[in-house]
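Q: What follows is the residue order along each chain.
Protein chains: 2
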Amino acid sequence: MTKIAAIIGGGVIGGGWAARFALNGWEVQVFDPDPQAERKIAEVLANARRSMPGLTDVALPAEGGLRFCTSIAQAVEGAVWIQESVPERLEVKHSTLAEIQAACDAEAVIGSSTSGFKPSELRAGSTRPDQIMVAHPFNPVYLLPLVELVPAEGQDGALVDRAKELLTGLGMYPLHLRKEIDAHVADRLLEAVWRESLWLVKDGIATTEEIDDAIRYGFGIRWAQMGLFETYRVAGGEAGMKHFMSQFGPALKWPWTKLMDVPEFDETLVDLIAGQSDAQSGAYGIRDLERIRDNNLVAMMRALKQQDWGAGRLMKQHEAALRAGTVLEARAADIDDPSQPVPTVHRAVPLDWTDYNGHMTEAKYLQAFADATDRFMELIGCDAAYIASGGSFFTAETHIRHVDEVHAGAVIDIRTRVLLGGGKKMHLWHEMYEGDRLLATGEHFLLHVSLETRKPSDPSPKIAAALTRFAQAHAALPMPEGVGRFVGAPR
Amino acid sequence: MTKIAAIIGGGVIGGGWAARFALNGWEVQVFDPDPQAERKIAEVLANARRSMPGLTDVALPAEGGLRFCTSIAQAVEGAVWIQESVPERLEVKHSTLAEIQAACDAEAVIGSSTSGFKPSELRAGSTRPDQIMVAHPFNPVYLLPLVELVPAEGQDGALVDRAKELLTGLGMYPLHLRKEIDAHVADRLLEAVWRESLWLVKDGIATTEEIDDAIRYGFGIRWAQMGLFETYRVAGGEAGMKHFMSQFGPALKWPWTKLMDVPEFDETLVDLIAGQSDAQSGAYGIRDLERIRDNNLVAMMRALKQQDWGAGRLMKQHEAALRAGTVLEARAADIDDPSQPVPTVHRAVPLDWTDYNGHMTEAKYLQAFADATDRFMELIGCDAAYIASGGSFFTAETHIRHVDEVHAGAVIDIRTRVLLGGGKKMHLWHEMYEGDRLLATGEHFLLHVSLETRKPSDPSPKIAAALTRFAQAHAALPMPEGVGRFVGAPR
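So the sequences go chain by chain: A and B. Okay, so the first sequence: first residue is 1 according to the numbering used here, each after it adds one. Okay, so the second sequence: first residue is 1 according to the numbering used here, each after it adds one.
Any given hint could be a false lead.
The list treats identical chains as one, so a pair stands whether inside a single copy or across any two.
[To be verified] Below 25 Å or equal to it, Euclidean Cα-Cα: the simulated SDA-like pairs (lysine to any residue) are: (1) Lys-425 x Asp-383; (2) Lys-242 x Gly-11; (3) Lys-424 x Phe-394; (4) Lys-425 x Val-403; (5) Lys-202 x Gly-154; (6) Lys-455 x Val-403; (7) Lys-425 x Arg-415; (8) Lys-202 x Arg-178; (9) Lys-242 x Ala-106; (10) Lys-179 x Arg-485.
The hints are simulated quantities; they were obtained by calculation from the structure and are not laboratory data.
Turn these sequences into a full structure, and let the hints steer you where they fit.
A: Listed below in structure tokens is the structure:
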């Protein structure tokens, strides 16, 4: 049954939470006194709708509803998760949390998006302190998986586990911190860099743009996939971490950062930074920058997914959960009626599959058909384990008809039919649809090969039997229009 | 004529420099007294050869030779660039630089890979101080574009410009710092995070793995594309940078980092960090981690390239330089003899185009053919400007024959022939080779369309004329084997 999330405070972070929940099928109830809140959240939702659904190779559940409420009490009604994202002032947090707890279900998780307060500070004076924990996300909340989950000391472990389970279900990564500390972990690292950077700008060593370039052309790309310590472990070379530390240990005594010495935060500094930031990024509006950022994040996260590493590995795990119990993970034996074409792909078109005006690019049609072929192979038993054992199907030739266009974010379905299946041969026919609109067809001829000799060979009897079963059942279907076409054949 | 680079010090960084120069066609002369140097550099070169050539969509020049020398004098002979990467001890730097200057060309650039010394410190006591500057790269040097270029105050501007030009030619980004400071810019930011992280581990707040996760699942992915300030500008939302600063300005006064308070660097701390690092990454050897890292970096940087942003935009600029003056940027009118198939793709197979055992994956064959089609369209005048004016060619159908396999790093060439070209129609035939080994053929039927109506329309007279010229000239060629095949047709 549909779960309800309450979003208290609908700024950039609250709006991001609303999008993350809604696009994962939750009903979302928002409270924010700001008259602009509805418009602002609509902007965030629009960004999320274009970037998030295609992030995974499996479509998300149907989007949940979004309702704006006139009171906190109304917003928290029936909610199993309540996310507080009000301004970073402790007295505001306290009064908001008190109002939430006066009306919400005692079993609900109350997460706070606080950047810096410790859970013990948030819980002070609360009637049900055990319900409150820090759940600190990162902007954009609908794309970045990290959530710092900080329970207070001795907090009910069952509730914490429930919180982790719910966040994981949203495709997020709950980083459970065992000890509370000001600013948790990530913001402490960010604050150190922020203070050092303010000094560099104030002292005229570098501009904001030069500092950003020093990050994004260098260690930023390293950190995106391995973070700090694993990167240094590699930098240590064959001698590893100890060598690296002995190499850079002495630097701790050198004047390599300004550190505790904090710059005076005055108008001059603000104007200096803001002015340089305008010079650097002023050519783009904030909405442009948000979309550019989301394009980049989606493309990089999907690149990491292809490598099965870092944030990409998390996405693979989330996909496995989305596939669980659907036909997309079924095995041939589970399919009682093999007479119909088999659903092999059910996904949204990702941003990195589209051109500058949002249409899916030519080569990505074959990407989707190749994914469909891989899925069908898995269905009949040619899975990772079988391939590791030395056999697989190789595509010998392919014919694609581009029938209609499709945009980023659209959900596409591919249904696969066996035209011929026997011995070493497998002749497949894929049809790609958006709803009932035919987008493309893919006709593929594959041969089973020995991965050792790279020469044709017979598949395992189990695979041969599963393939033959579909081939015989599909033979009864009318021949699809376009089969056996050659390029340029008259229509 | 081939340029010579001298690499003094052949560790992880020196070896990376050697690879960066050699794979860009330079002759490289290495000096390192370490008897292991030759083996170590061979390891780095092997990593570079598998990851770097495919980073760009244009093949690099033929690899230059690598020669190990028995003295600094021998290594710097004839070198226009000399890169010093010896241990981070000032007296060692001084004696090495003195030996270099005693033998090298007075016009050569002497770059130092120092992480922390200021150029004025390196130049102290030098006979030709003006020749020495900081050129601080980032590991892996053969993939990451950033080089912090720090001249001393009043250094010869012409030499600095020459240094920037040479580094840009290597596909790197020289970040020219106008003021010298300990640890330059990037290492100051890294040092701040390093010190804060040591505290977090020492105090038992988080493990090395938890800190890495906090980075790579969160801000690390943001920084890889926008850095610190542009990310915060966006985080500020509609109100932008000033709003963000006023929001987080007060935090400067809060205990959000340990900062100047530096942890005691003792064996206990080293063992704690090294032990946690083993638990986190010990399942992989350093060489495995290097290859995993390089796969990830290539995939993410190419993802950014597709978005034309950050490090990806730098790669596009580098590609333009690699194309300059070759047939890959020619226009139809420049081609005097149109009778032969046109070279449209000349590139190495990138890591992110291959499967787990290094073969180019099915869908990437169409990617390469689609790139060839785009390039042929550009050749006949259907370029970005024309497309922006409202016309383009859309692919209606495609037939691919997979003839043979190809590995990551292999250089592939595609030659394109017009089978039919007239009115709205364009029928192309691509052949993909590695050397003279045929890998695949692509047969494509395209229609010229109006981007407004998305319906077929006539191309511009200029494009029609250029297309017809190739169609007529190519008609004299023998019909290629495989034209007009349908999937599963008997061979």
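Q: Output the numbers, in ascending order, of every earlier hint that fails for this structure.
A: Those not satisfied are hints 9, 10.
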